[in-house]
Amino acid sequence: MVRMPFWIFFIEVFLVLLFHLKKRVIPCLILERKAWMDSDRLFS
57 MVRMPFWIFF IEVFLVLLFH LKKRVIPCLI LERKAWMDSD RLFS
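Residue numbering for the sequence shown follows this note's numbering, beginning at 57 and increasing consecutively.
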């Protein structure tokens, strides 16, 4: 019974971190991908 709230807390923290990663990292990855595509167009 004692470990149950800990696991819920852990999962909530994990979900929040995942949400922030989606919010920050994925747009950066998309921008990097666009930059790579643009550079490929320039070099081709």
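Derived by calculation from the structure, the hints in this document are not laboratory data. Please note: incorrect hints may appear among the correct ones.
[Said to hold, decoys possible] The following label-pair restraints were derived from C-beta to C-beta distances:
# : residue 1 : residue 2 : range
1 : I64       : D96       : 42 to 52 Å
2 : L98       : F62       : 44 to 54 Å
3 : S95       : I64       : 26 to 36 Å
Everything numeric in this text was worked out from a predicted model, so none of it was measured. Where a beta carbon is used, it is the ideal one built from N, C-alpha and C, also for glycine.
Could you work out which of the previously given hints the structure breaks and list their numbers from low to high? 3
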